[in-house]
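Asks: Each chain, letter by letter, is given below.
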Amino acid sequence: MSPTPSSESHAPARTRPGRSPLHRMPAGIKLLVLAAAGTGLAFTTSLWVLGGALALTGAGYAIARQPVRRLFGVIRPMIWLLVPIFLVQGFMESWILAVAIVTRIITLVALAQLVTLTTPSDTMIAVITRALTPFRVFGVHPGKVALAISLALRFLPVIGGLAQEVRDAQRARGLGHNPLALALPLLIRTLRMAGDVTDAIEARSGGDDDEDAAPARTPVPVTPRAGSAAASSPAPAPRSS
Amino acid sequence: MTTIEVTDVVKRFESFEALKGVSVTLAEKRIGVVGSNGSGKSTFARLLNGLVLPTRGSVVVDGLDTAKAGKAIRRRVGFVFQNPDNQIVFPVVEEDVAFGLKGLKLPRDERESLVDTVLSRYGLEHLRQQPAHTLSGGQKQLLAIAGALITNPACVVFDEPTTLLDLRNARMIARTIREMEQTVIVVTHDLALLNEFDRVLVFDEGRILVDDAPSAALARYVERMQ
Amino acid sequence: MKHTVVRTKDIVLIALFAALMAALALFPPITIPALGVPITAQSMGVMLSGAILGAKRGGLSILLFLLLVAIGLPLLSGGRGGLGVFFGPTAGFMFGWVLGAVLIGYLHERAWATIEPFKSFLYCFLGGIVVVYAIGIPWASVNTGVSLVKVAVGSLAFIPGDMLKAGLTALAVVAIRKAFPAMHQPAA
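Top to bottom, those sequences are chains P, F and X. Under this note's numbering, the first sequence is numbered contiguously, ending at residue 1739. Under this note's numbering, the second sequence is numbered contiguously, ending at residue 384. Under this note's numbering, the third sequence is numbered contiguously, ending at residue 207.
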C-alpha cells in the first residue's frame, strides 16, 4: 500500500543538487556560455586554446563539487569512437591534430554535461518554454509544449512498464526474441492509451483554451482521399461496454 | 442537485450502433448503470459530460446542451475513468491534482489551498510531492477522484472505478463514492457497490432494459445474465 | 494558418511516442557477430513515429524525445543523456532522426490508404537511413576532422541493422493500418 519513495526513479534524476555558484547561476546564462563555447571551439585546433578550455571545464567540475567519475560516465560510452578517431587522425594527419580534436570533443561534451549536472530539469523546462514565447507567431504555443513535456514525463514510467509487461508476456509464449511480437502489442497499447488519455484531458480541462463553446470533439470533416472512403472515423470505438 | 435529460439518443461509431434510442431523466443522487460488455453503458456514461456527442437526439445537463456548451458541461460533470494510469496526466501528485484548475486563472494561494483541501480529504496529503507512478493502484484511483473533484463539479460520472483494483482497494473506493456529497452516476460490474443507491439502469444491446430500485433492477439483471 | 492547430489528441500522441522512444532503449541490443556492431531498438522508434504519426506529429515526437534527453534524462540506449551527447561525433545522427521521421511521415501519409510492406520499407529506408546518414556523416566528419569518405565507410557496418529495422517497421506499419485505419486523418 505504501509507495516506495524513490527519488532515483523520478524523472529528473540526472541533476545533482548542490549550492555551488554554478548551481545558482541562471540556466539561460549557462546555456549561452555553452552555445558560445560550442561555436568558438569549433574553429580552433590550437592546443593552447583547447587545453585551456578543458582546464576551465575541469575547474567548473571542481567548483560545482562534481566528482571526476561523473565526467568519465559521459566520456566512457564514446571511447569506442574516440580511439579510432585519434588513431586515424594521428596516422593520416598529425598526432598534434589528433590530440586537439579529441580534446575538443571531450571538452564540449564535458562542459555540456556540467550544465546538465548543475541545472534541475524543471528549471530547464521553464527556460525552454520561456525561450519559445517569441515563436508564438509561427504557431508555437508554449503552454502546449509544456503540456507535451509534462505528459511525456508522466508516461515514461507507464510505457516503460508496458514494455516490460509485453516482454514478459511474449517470453512466456516463447516469442521473447521476435522483435515484431514485442513492437506490435506495445504500439497498439500505446495508441489505445492515447485515446483514453485524450478523453481524460478533455474531461478534466474542459477542452482547449482557444475554443470556448465548442464541444470536446468536433466531428472531423472527412477529406475524401483515393481509396480511403471507408477508412475514416474521427471518434474512437467505444471501450469495453 | 443535477438533472440530466437524455432524449432519444442514438450513437453510431462507423458501422456500429452503440446506443439505439435512449431516453431517460436522471435526477437522483446515486444512480448505478450495469450491463454486459458492449451493451452501450460506457458510451452512455461518456454522453453525460459531452465526451461523446449523440449522433441523433440530445443530452441536456441543467438546461445546457452537451453539444453546444462543452466546456461548461465538463465543469459541471466530472468524470473518473476505469484506469487511473490513463487519467493521471502530470508526473507529480500535486501538479496532477491542480490540472483541472489550469484554465480558471486563480491566484496562486487560492489554487494551493484548493489542492491542500482536496488532497487531505482523500488522505493523499503526505504524497503531495511524490511522482504519481510510485503510488499504489488504490492511491492512483483516489488521486484520479481528487483530480476530478478539484473543480467542484455538481455531478461525477464513474466508469468502472473498481474493476482494476484488488478487493481491499475496491471496497475503499466504493466507500469513498458512497460518502460523496455530489450526485454520482456509476457504471460498474461490481453489483455490491450499488447496494444503497437510489436507482439502477440495466443496459442491453444499446437500450435501457430495466430502470428500477437497486434490488429489483439487479435481480432482473442477474436473472437475464443466466 | 488556422489549420495548423494542434489538437489535444495530437499532443498526447506526440508525448506518448516520445515516451515510447525511451521505452525502446530498454530492449537489449542484438549483436550480429559477423558485424560486431550492436543493433539497438531505439532508432526503430524514429521510423515507427514517422510512419504511424505522420510528418508533423512524428517529427515533433522525436524532437520532444531529444528535448527530454537534453534536459538530462538518461533515455538514449545505454542510459546516456544530458546536453553532452549533442556535442559528440554521433549527435548528427540524432538531428537526422527528426528530419528522417518527417520524411517517413510525409511519405506514409500520402500513401496510407494503399500502404504495403515493400512501399513502407522503401519510405523507412529513405527517411530512416538515407536522410539520417546524410546528416549524421557530415556532422561526424566536421566534429572529428576525419574525412567524409572515411566516416561513411566506418558507418557502413550499421546499415544492415538499420535495414532490418526498416523491414520490421514496414511489417508493423501494415498491421497497425488494419487496426487503426483512420490514423492519418487530417486535423480539422
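Among the hints, erroneous ones may be present.
Taking CB as the label site, the calculated pair distances span [as the list claims (entries may be wrong)]:
#1 P:1632 - X:135: 54 to 64 Å
#2 F:284 - P:1628: 54 to 64 Å
#3 P:1560 - X:168: 16 to 26 Å
#4 X:198 - F:383: 39 to 49 Å
#5 F:279 - P:1628: 29 to 39 Å
#6 F:225 - P:1663: 49 to 59 Å
#7 X:179 - F:283: 31 to 41 Å
#8 F:353 - X:135: 27 to 37 Å
#9 F:283 - X:138: 16 to 26 Å
Below, in silico cross-link-like pairs of lysine-lysine (DSSO-like), each with a Cα-Cα straight-line distance of 30 Å or less [what the hints assert, rightly or not]:
#10 X:197 - F:226
#11 X:75 - F:260
#12 X:28 - X:75
#13 X:138 - X:75
#14 F:263 - F:226
#15 X:138 - X:28
#16 X:169 - X:75
#17 X:197 - F:178
#18 X:28 - F:263
#19 F:226 - F:187
#20 X:169 - X:28
#21 X:197 - X:75
#22 F:226 - F:178
#23 F:178 - X:138
#24 F:178 - F:260
#25 F:226 - F:260
#26 X:28 - F:260
In case anyone wonders, no lab produced these hints; they're calculated from the structure. For each residue, glycine too, the CB sits at the ideal point set by N, CA and C.
Asks: Please write out, lowest number first, the hints stated earlier that are contradicted by the structure.
Replies: Hint check: 1, 2, 3, 4, 6, 7, 8, 9, 10, 16, 20, 23, 24 fail, others pass.
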